[in-house]
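6 protein chains.
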Amino acid sequence: MRISARNQLRGSVKRVEHGTVNSEVTIELSGGIEIVSIITKQSAEQLQLTAGSVVHAVIKASDVMIATD
Amino acid sequence: MRISARNQLRGSVKRVEHGTVNSEVTIELSGGIEIVSIITKQSAEQLQLTAGSVVHAVIKASDVMIATD
Amino acid sequence: MRISARNQLRGSVKRVEHGTVNSEVTIELSGGIEIVSIITKQSAEQLQLTAGSVVHAVIKASDVMIATD
Amino acid sequence: MRISARNQLRGSVKRVEHGTVNSEVTIELSGGIEIVSIITKQSAEQLQLTAGSVVHAVIKASDVMIATD
Amino acid sequence: MRISARNQLRGSVKRVEHGTVNSEVTIELSGGIEIVSIITKQSAEQLQLTAGSVVHAVIKASDVMIATD
Amino acid sequence: MRISARNQLRGSVKRVEHGTVNSEVTIELSGGIEIVSIITKQSAEQLQLTAGSVVHAVIKASDVMIATD
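Protein chains in written order, with this note's numbering: chain A, -2 to 66; chain B, -2 to 66; chain C, -2 to 66; chain D, -2 to 66; chain E, -2 to 66; chain F, -2 to 66.
Derived from the structure by calculation, the hints contain no laboratory data. Take the hints with a grain of salt, since some may be wrong.
Identical copies carry no separate label here, and so any pair may be met within one copy or between two of them.
Pairs of lysine to any residue residues, derived as SDA-like cross-links and limited to a Cα-Cα distance of at most 25 Å, are as follows [to be verified]: (1) LYS38 x GLY28; (2) LYS38 x ARG12; (3) LYS38 x VAL51; (4) LYS11 x VAL51; (5) LYS11 x SER50; (6) LYS11 x GLY28.
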């Protein structure tokens, strides 16, 4: 499957924390950069996400804001 | 200013392409990872973004989806 | 590839209209239901979308609002 | 009320599951297509959503991604 | 029509600027507060938005970030 | 820090309700207008939000829909 979202960053799952409805997944990209994702618990289970899983963080370009100091 | 968005990734602007209303900004994080952002041209101008500008890519955790192969 | 977004609706592209930066893609689901998507023109070209292409409309559950009459 | 969101798909509520803060609502469109929505529990209660309620799934065009096989 | 989005702020259109695909609409709330919205030009035309139109700015609670100084 | 989001509305926190994962924050703008925000509980704690805190509600222009009666 290929998807229209412009950002598809390869990494591995560092940590999964399940809430009642949602799960918080921390992904480590190359270079040690971490990205936090919140998805539904049902999705996290269907994708069988656990520490070490190889994944892509998928982000639409219009969801990336830019800040300067 | 501090903001509630969970992901604030430091990088530098690699390229800015202005459209009529929107601008597409490519940000290079450490390790050579690139993230593409689309913001309004007015915002790009107000932040004076040009190649080399030090910026943060700001992304809400709920806007990060996860894909597996 | 499998993705965490809860809604992945199979359909076919009915129409693609390219703007300068974005493209508007109309997808027809079974039963004649139409969904309009706006993605970047670059994505539309990379996915080689044309009328008749078989696609999935991918939508996060938290992006679906509900209205009543 | 009329709203700027491009997708307003008529259907009926098939199932409502309440969490602590959010509710997950499954909507059945014509042709048996199902869409899952997550809204706040407070909104679900104010709209008095129960199985069988006639509703519209409201989705912005820019929140619809496209995937190909 | 009633919608699940938590924020529905009444105001009047102060200015509409049409691009090729999108329109930028500035809404003035009571107390002189201004909110900028970007919707598709087609939606702006269907809603017949012009300066002075009475409208509601509709915003999901999860799309409101918080910043501190 | 300056950010690309077009709407940055100054106000004060009126109420914070913490859930397990998310917090609901009600912000009062000038003129008595209220905006509801849902952010992660972790962000609410890091920003030390309590009733009376001076904050900005930060909203992307593309997340503002428009409704008419």
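Evaluation of the provided hints:
Proximity of LYS38 to GLY28 under the C-alpha cut-off of 25 Å is found in neither arrangement, the shortest distances being 28 Å within a copy and 28 Å between copies. Taking CA atoms no more than 25 Å apart as the test, LYS38 paired with ARG12 passes in both settings, with 14 Å inside one copy and 18 Å between copies. Within a single copy, LYS38 and VAL51 get their C-alpha atoms as close as 18 Å, which meets the 25 Å cut-off; across copies the closest is 27 Å, which misses it. For the identical chains of this complex, LYS11 and VAL51 are intra-copy neighbours only, at 10 Å inside a copy versus 27 Å across copies, given an alpha-carbon limit of 25 Å.
Taking the shortest Cα distances, LYS11 and SER50 sit within 25 Å of each other inside one copy (8 Å), while across copies they are farther apart (30 Å). When the C-alpha separation of LYS11 and GLY28 is checked against a cutoff of 25 Å, the pair qualifies both within a copy, at 14 Å, and between copies, at 18 Å.
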